[in-house]
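Please take these sequences and the hints and turn them into a complete structure.
Those sequence lines, one after another, are chains H and Y.
If you're matching positions, the first sequence starts at 97 in our numbering and goes up one per residue.
If you're matching positions, the second sequence starts at 97 in our numbering and goes up one per residue.
You can trust all of the hints, since none of them are fake.
Since the list gives no way to pick one copy over another, a pair counts as held whenever it fits inside one copy or between any two copies.
As a list, the in silico PhoX-like pairs of lysine-lysine whose alpha-carbon atoms are at most 20 Å apart:
| hint | residue 1 | residue 2 |
| --- | --- | --- |
| 1 | Lys705 | Lys687 |
| 2 | Lys704 | Lys687 |
| 3 | Lys698 | Lys687 |
| 4 | Lys585 | Lys705 |
| 5 | Lys585 | Lys704 |
Keep in mind that the hints were calculated from the coordinates and are not lab data.
Owing to the predicted nature of the structure, the values given are computational and were not obtained by experimental measurement.
2 protein chains.
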Amino acid sequence: MAIALRRLLFGTPIPTARAKHERLPKLLALPVFASDALSSVAYATEEIMLVLVAAVPLMLDRAVPLSIGIAILLAIVAFSYRQTIHAYPMGGGAYRVAKENLGVYPGLVAGAALMIDYVLTVAVSIAAGVAAITSAVPATAGHNVWLCLLFIGLITVLNLRGVRESGVVFAVPTYLFVVSLVILIVAGLIRLANGAPPAPPPAIPIPEHATYPLTLFVLLRSFAAGCTALTGVEAVSDGVPAFRPPEARNASTTLVMLAVILISMFLGITFLAHGFHIQPDAPESDLPVVGGGAIHRQTLVSKLAQVVFGRSWFYYLIQTATAMILVLAANTAYADFPRLGSFLARDRFLPRQLTNIGDRLVFTNGIVLLGLLSALLVIAFGGDTHALLPLYAIGVFVSFTLSQSGMVMRWVRQRGKAWQRMALVNGIGAIATFVVLCILTVTKFVEGAYIVVLLIPMLVALFRSIERHYQQVRQALAIEPNSGFRPIKHTVVVLVPAMNQAVMQTLEYARSISADARAVYVEMDPAETAAFAERWTKYVGDEMPLVILESPYRSLVQPVLRYLDDVDAERHDDVVTVIIPEMVTPRWWQKLLHNQNGLMLKFSLLFKKGIVVTNVRYHLDT
Amino acid sequence: MAIALRRLLFGTPIPTARAKHERLPKLLALPVFASDALSSVAYATEEIMLVLVAAVPLMLDRAVPLSIGIAILLAIVAFSYRQTIHAYPMGGGAYRVAKENLGVYPGLVAGAALMIDYVLTVAVSIAAGVAAITSAVPATAGHNVWLCLLFIGLITVLNLRGVRESGVVFAVPTYLFVVSLVILIVAGLIRLANGAPPAPPPAIPIPEHATYPLTLFVLLRSFAAGCTALTGVEAVSDGVPAFRPPEARNASTTLVMLAVILISMFLGITFLAHGFHIQPDAPESDLPVVGGGAIHRQTLVSKLAQVVFGRSWFYYLIQTATAMILVLAANTAYADFPRLGSFLARDRFLPRQLTNIGDRLVFTNGIVLLGLLSALLVIAFGGDTHALLPLYAIGVFVSFTLSQSGMVMRWVRQRGKAWQRMALVNGIGAIATFVVLCILTVTKFVEGAYIVVLLIPMLVALFRSIERHYQQVRQALAIEPNSGFRPIKHTVVVLVPAMNQAVMQTLEYARSISADARAVYVEMDPAETAAFAERWTKYVGDEMPLVILESPYRSLVQPVLRYLDDVDAERHDDVVTVIIPEMVTPRWWQKLLHNQNGLMLKFSLLFKKGIVVTNVRYHLDT
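What follows is the structure in structure tokens.
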């Protein structure tokens, strides 16, 4: 029955032979690799504005130049990554690039940063997707955490099934999102061209520090908040082998397409929000707690769509497409996290089980781990996108910086054709992303970035200690040079609880594996010993020595352990085999009618060296 | 650390040699065996009155003649049991008396009835004890269930420690209860002699059916409600061997003392309640649910004590003594239930584990079972004495009837000295208790008695099916007459996950126990197989055959199970030993770094016949 349920949930096993890569044409590859990057359009502008509005409510127009700055950064990163694609046609993830070109520690730092960021991708994207739903459907407001957990559960199960059929599944919502947002932007621009509406009074009451000057710090914080738009841009370079040949060229073209679409949409949304004087609602974590119902908060994109189209069917289409692409973005982490985990595990930095491929041809353990971690994160942060975002993007920029620096090192070492130009492009990328990383860390530090800053070195230390353990095990288990089969002398101790057919069978087995087999009887009730001894004499007699152990405290385990110590002391080079007869009953409840002494003894023997434990089972028919 | 905690809670082990009975003088034996019976004084009168007051509020004076009837019944039962004491000086519980004289089924019915009643004794006594506390301390009202569970937990732990020092521990509260209630009764009678107070208006509003005639049914229900006073009277006859010699005579005298005290106290309370026109509060289960705080309900004894002494220190002494004796009454079930359980288990009607004597010389499993069952009962009935009482007493009267009938059969069969008189006395007892049993069952049927009526045959059926299972096991395990050690041919299959020192050691072990040892390697990733095979050739070569199993679905277990079927089919009279190498890491978290394939395989092999499973463990030092 458990098997049937499993089949229903996760599908029937898939043979290894079917593990070949589906090659994607560019038009299908774009949605597969772009959903993570594009989905950030749903929240990046809002985050920029939230920082501005909190500091200087009347200076929202700074959002436009800031967005242009972010767009330029995005272009730099995209150009830089194009070179990685060409240099690593088999896939150039930051872990690999950094480890190969900069060394193990930079590689591990990149790996740790990415692992953290993948978990955050799931949490942030799902939270933002749920926000799109709760914006459109007020009835769902206040149930964010539950909705998030529902989606995470759903994606986890789908990924455990294996999402082979990915291409088309990704294409529909991604293009729907792109097309509907482009229509929104164009329609909005036309409306603006016909005369911009007057600025409404600020929705958020102007805080007391309203005269606070627009410091550089606020501008940088706002810029940092918008940098989440860059997350996911690296995805294409990780997945080059999934493209149709010529892989590198196609991947490179796709990356450029992605960058162009992302920049247009991001700038479009920011410009419209500015033009229509739309102000973001205060984030949930900042809202005063009001007894009773939850406050209905709308996302910026929801407000914009409402202004342009009203609550028409097209408004709901935009919200649906937004929610869908955000769920898809989370889904990409379900491919990336387990794959990176398996790379780290193959290099012995993570538990080996992360390399296990389940019966649906997916990294089962990595998927489950990601599901659990992101669910915990969503619970810890109350399913609030705004609260999660300060943690986000740092990992990505760490990996950007390390990856681009690695590329610079590579060009400098290889000194191939036009290496100076190559090194320059990646160098600019590395410097730009490093500067942004510093800005991110400083401006978001107290809001949550410190968690990531602490977590990365902790993870690196964990990786090293795991590797050290495997190293020690490998040394301990190294086959000694003078190996070969040596004869073993061994003593067999049979635990005899009573005289019956099951025990007789066990004694026969014991005798067959060693000439030095002894039966051990633990005396619980002296009155019963005599009857037992009589039956022993009758059925076994001198064929095997019988040892009767006293047990003044009526414990089975203690006397046996003590006797085993004695046996162990008798000879030096011995293996002691303890044979425990066990009864297997055909129905589970019958097991309750028999004592579990064997189980207890087995457990106690777990940590005793030089003991081999053998279970001889007797299967009852009734 | 777990051991230290265990020692702290339950004490250090006690050797078997200290298991001798403490012999009790009469003055100490009385409290040990009487607390159960005497404690019913705390609620019996109240129950009589609750039935009367619900039907005919103005006819409470019928409580006095009803109580006299119950007192007469009690005298009959006590006289009848005196004969049991003399006939069974080694202890004559109803299970034993009925089984010996009437047959197995009547014995099992008595056993089932008593097991149920012991659980109810705990639940009812603790609930009533908590009611005494909540009557005195209004702040505790509404927390009945938690208080009940607290007391049950406490008594369970104390009994797991073993309450050897019982005599004196029992004497103080029992005599305190007896003396303080006698003082209450005497003081009350003096007050009444100086002029009875006028009858107050009824506290409970007269229900609509106030003109309902005082039918025989109501009287009988009221009588049945009071019969709870008889529970526990049988305790003395169960424990004759605990008395100082001459055991039977001393036990018999103690029983008479108990009956006299119980009758006096019960009649005294009833007479006073009547004299002072005290009406019982409606039981909690009948109270209307009022939003907010719990209603403060007082027991009848609490009201009486308050009327006579006011809220003086003596009032609180009475309440304390009442609560204490009720807890003690529950405690007697902790001796009776596990003992009866062990008798039934020794006769194979209950799981054998109930005969296990723990390291504190008590029937550990029986104590834990009783604690769990009574806790469940308390939770199910909301810790309400009145709701539990309809289930109570039926089991006791079943056992009374069967026990006395058994005694009649015994006298008739033995035809010893004065057998007719003996048979007459027990016969009167049997008939009287049987009539009361019928009254109890009929009048309390819908209120809860049906549960017990259904449960007794179900338990008897369970006893029989358990016995049948043990019988079948015994037959299946009977040693065949032509036994003796036959040589076993056996095949050894070693699971080899890789080539290392742990595996080499396992292979050596395998070779040492059989000439036909084969290594089995499950191919998860074809790329790794070649490397493995090379190492195998280098270190083992031809010394042992290697079988490589394909696993198209990357499962370890399935191919191994299939191969074992093949091996099993090769020869007929074979035992197949599966050897699983295991690694034991010194720290628990390191275990997470190694796969649990061995564990999974062991579990899968659990139900496969003819397979011996051997674990060869390799202990890592680091």
